[in-house]
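Given chain A's structure and the hints, the job is docking chain B onto it.
These protein sequence lines map, in sequence, to chains A and B. Just so it is clear: in the first sequence, position 106 is 106 by the numbering used here, and no numbers are missing. Just so it is clear: in the second sequence, position 157 is 157 by the numbering used here, and no numbers are missing.
These aren't lab readings, by the way, just hints derived from the structure by calculation. Please note: incorrect hints may appear among the correct ones.
[Stated by the list, open to error] The calculated lysine to any residue pairs, modelled on SDA-like cross-linking and capped at a C-alpha distance of 20 Å, are:
| id | chain 1 | residue 1 | chain 2 | residue 2 |
| --- | --- | --- | --- | --- |
| 1 | A | Lys254 | B | Asp208 |
| 2 | B | Lys107 | B | Ile59 |
| 3 | A | Lys254 | A | Asp161 |
| 4 | B | Lys254 | B | Arg277 |
| 5 | B | Lys254 | A | Asp208 |
| 6 | A | Lys37 | A | Gly14 |
| 7 | A | Lys254 | A | Ala207 |
| 8 | B | Lys107 | B | Ala64 |
| 9 | B | Lys254 | A | Ala209 |
| 10 | A | Lys37 | A | Arg80 |
| 11 | A | Lys97 | A | Arg76 |
| 12 | A | Lys37 | B | Ile184 |
| 13 | A | Lys254 | A | Arg142 |
| 14 | A | Lys254 | B | Ala209 |
| 15 | B | Lys37 | A | Ile184 |
| 16 | B | Lys283 | B | Glu160 |
| 17 | B | Lys283 | B | Glu266 |
[Stated by the list, open to error] Just the calculated beta-carbon pair ranges, DEER-fashion:
| id | chain 1 | residue 1 | chain 2 | residue 2 | range |
| --- | --- | --- | --- | --- | --- |
| 18 | A | Lys196 | B | Leu40 | 32 to 38 Å |
| 19 | B | Thr152 | A | Arg33 | 43 to 49 Å |
| 20 | A | Arg80 | B | Glu192 | 31 to 37 Å |
| 21 | A | Leu40 | B | Arg142 | 55 to 61 Å |
[Unchecked claim] Just some of the chain A residues that point at chain B, by a computed CB distance under 10 Å:
| id | residue |
| --- | --- |
| 22 | Ala168 |
| 23 | Met171 |
| 24 | Leu179 |
| 25 | Asp208 |
| 26 | Leu224 |
Idealized CB from N, CA, C, for every residue including glycine.
Protein chains: 2
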Amino acid sequence: MSAAPHPVIGVDWGTSNVRAYLIDGAGTVHDRRAAPKGILAVEAGGFEAVLQELVGDWISSMPATPVILSGMIGSRQGWREAPYVETPAGIAEVGAKLLPLELASGKRAWIVPGLAQRDGGAPDVMRGEETQIFGALAHEARGRYLFCLPGTHSKWVETEDGRIIRFATHMTGEVFGLLTRHSILGRMMEGETADKDRFAAGLDRAADAGGLLHHLFSVRTRRLFDEIPATGARSYLSGILIGHEVSAALGAHKPEGTVALLGEPELAALYATALTRRGIATKTLAETSARGLWRIAGSLPAAGG
Amino acid sequence: MSAAPHPVIGVDWGTSNVRAYLIDGAGTVHDRRAAPKGILAVEAGGFEAVLQELVGDWISSMPATPVILSGMIGSRQGWREAPYVETPAGIAEVGAKLLPLELASGKRAWIVPGLAQRDGGAPDVMRGEETQIFGALAHEARGRYLFCLPGTHSKWVETEDGRIIRFATHMTGEVFGLLTRHSILGRMMEGETADKDRFAAGLDRAADAGGLLHHLFSVRTRRLFDEIPATGARSYLSGILIGHEVSAALGAHKPEGTVALLGEPELAALYATALTRRGIATKTLAETSARGLWRIAGSLPAAGG
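So here's chain A without its partners, still in its complex pose (with noise of 0.2 Å):
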């Protein structure tokens, strides 16, 4: 099994936000940091300085410690772009994969790459959700699972034997925000409250015969006659998007036993919620890209280059 004998800096580095974890070789972590310094909100050439600022003394106290960067850090618009490795993959297509960037100490770090997937009608991506699951499977590897990371951009995965074998993103979340911010439904509603009866309302809208684009319209019209109250329309749209997303999903991917739910738990919450009333059975994971970090470490040599 792949793991890290030494100790690691692993870097989880989204499109909002960047996580440092200082693991030692047990795969323990030791120490974690966090700014809202994603991609997003650094310009092109200032990644260095943000990894500096984080971790710079981890990294200066000690030298011999492999630096490892996940998540859309490798991608064009990040610091560099780390070419997909293709499914299925585990650890080992992956680790031998890992793109080498220069640090100006002569440190040399290394960005994970994403996975994409180009066998289906269209391709598919991911770029920091396969360092999660693989942190996911590190004790049980064996076997088929189904992981569900529900997010701005959803991924459903699917591994088998400790390598993902497929996957889909479905881009619910980012619907979600453009509905409640810019459409005529967000005119509707009221605060942020979650209200678990609308919530469960709007799941099962999602199962009526109509499609989504039609469901969608019934946030309107239950406001106007007043069946829902406005606290609840923010709920009831969740239900009808993550209803429809639930049910593409378990069409498409057909779990055979439970299914992983790896997310910010409220969220997860509610997915763990959609699938329980389709009879399927969850569990909720935490936060796992620290164990990926450093299982996918295991790849290189002890020194760290």
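This is chain B only, laid out in the frame that chain A set:
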């Protein structure tokens, strides 16, 4: 058959525009005017001034001619709220519920009520489309017809023997606008030129398994891998959305014959393409609001109140 045996000043007053027609006793339009003064462009209390500015000369020179208004002007955000008539409803039901308005001159005007459908999984509503449908039905009221009125909020409307029996709204146009203007997909598009091949590719994508929220992401991935050009991404997205709407609507409404398209010609042509590829014949109708207003005005006394 309902029809005004007298001239009518008909006004189709929507969200963005107002269109007025001077119609003779035989239903022929003699003059027409329009202004970008939809209800969102007029402050509360300002509707009568807009009406006077647009057709004040018609009103004063033909004092006995009734003025009849359809569309969002009868909504809560319009001039005065005209309660919905419930489906099934034909000219008779709508004509019996015309809402009278006293103008400053002492003359009376009438607002056509919208329709509400309350018997399904969630309510649905229309304002203005019922008038277009009644105009389209003028010469062929017997039998069953399916109409599609594409737009910001597309309507699919089933009629039987001249009455609207069932309808559904799809938020396709609004979602398209949100995604092109505000989402990550919009950043991958250039220009607004129609690209027929990419529109067809979007229709094909919509026919795949996986669901709309997943298919949307393929705009991003196909641009990432240069499978579509930036100038074709807009049409590809349009094909995905219209393809999903048409599939859902055909599932719900099951047309027995030709689908009649009523809308802006360029948009109607896209729906015709989508329907034809599904083996459904279409015909596209010219603007029918004026004839609908004239037919509904047949319920009024000749003196117009």
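The hints, checked one at a time:
1. Using a Cα cut-off of 20 Å, the hinted pair A/Lys254 and B/Asp208 holds, with the two alpha carbons roughly 16 Å apart.
2. With a C-alpha separation of about 9 Å, the suggested pairing of B/Lys107 with B/Ile59 holds against the 20 Å cut-off.
3. The suggested pairing of A/Lys254 with A/Asp161 holds, with an alpha-carbon distance near 17 Å, which does not exceed 20 Å.
4. As the CA atoms of B/Lys254 and B/Arg277 are separated by approximately 15 Å, the hinted pair is consistent with the 20 Å bound.
5. Of the pairs offered as hints, the one joining B/Lys254 and A/Asp208 holds, with about 16 Å between alpha carbons and a cut-off of 20 Å not exceeded.
6. Among the hinted pairs, A/Lys37 with A/Gly14 is consistent with the structure: their alpha-carbon atoms are about 9 Å apart, no more than 20 Å.
7. Distance restraint check for A/Lys254 and A/Ala207: the Cα-Cα separation of roughly 17 Å lies within the 20 Å cut-off, and the hinted pair is therefore satisfied.
8. With a C-alpha separation of about 9 Å, the suggested pair B/Lys107 and B/Ala64 falls inside the 20 Å cut-off, and the hint holds.
9. Annotation: proposed proximity of B/Lys254 to A/Ala209 holds, straight-line Cα distance about 13 Å (limit 20 Å).
10. Our distance criterion of 20 Å between C-alpha atoms is met by A/Lys37 and A/Arg80, whose separation comes to about 16 Å.
11. Distance restraint check for A/Lys97 and A/Arg76: the Cα-Cα separation of roughly 16 Å lies within the 20 Å cut-off, and the hinted pair is therefore satisfied.
12. This hinted pair checks out: A/Lys37 and B/Ile184 have alpha carbons roughly 19 Å apart, not beyond 20 Å.
13. Of the pairs offered as hints, the one joining A/Lys254 and A/Arg142 holds, with about 18 Å between alpha carbons and a cut-off of 20 Å not exceeded.
14. For the proposed pair A/Lys254 and B/Ala209, the alpha carbon gap of about 13 Å is at most 20 Å, so the pair holds.
15. Among the hinted pairs, B/Lys37 with A/Ile184 is consistent with the structure: their alpha-carbon atoms are about 19 Å apart, no more than 20 Å.
16. This hinted pair checks out: B/Lys283 and B/Glu160 have alpha carbons roughly 18 Å apart, not beyond 20 Å.
17. About 14 Å separates the Cα atoms of B/Lys283 and B/Glu266, which keeps this hinted pair within 20 Å; it holds.
18. At about 35 Å, the beta-carbon gap between A/Lys196 and B/Leu40 stays in the expected band of 32 to 38 Å.
19. Distance hint check: the CB atoms of B/Thr152 and A/Arg33 are about 47 Å apart, consistent with the given range 43 to 49 Å.
20. Between A/Arg80 and B/Glu192 the beta carbon distance is about 34 Å. The supplied range of 31 to 37 Å therefore holds.
21. Against the hinted window of 55 to 61 Å, the Cβ-Cβ separation of A/Leu40 and B/Arg142 comes to about 60 Å, which satisfies the hint.
22. Given the 10 Å rule on beta carbons, the hint for A/Ala168 holds: about 5 Å separates it from the nearest Cβ of chain B.
23. Checking A/Met171 against chain B by beta carbon gives a least distance of about 5 Å; that is within 10 Å, so the hint holds.
24. For A/Leu179, the shortest C-beta to C-beta distance to chain B is roughly 7 Å, which falls under 10 Å, so the interface hint holds.
25. The interface hint given for A/Asp208 holds, since its Cβ lies 4 Å from the closest Cβ of chain B, which is under the 10 Å cut-off.
26. A least Cβ separation of about 6 Å between A/Leu224 and chain B falls short of the 10 Å threshold, and the interface hint therefore holds.
No hint from the list above goes unmet by this structure.
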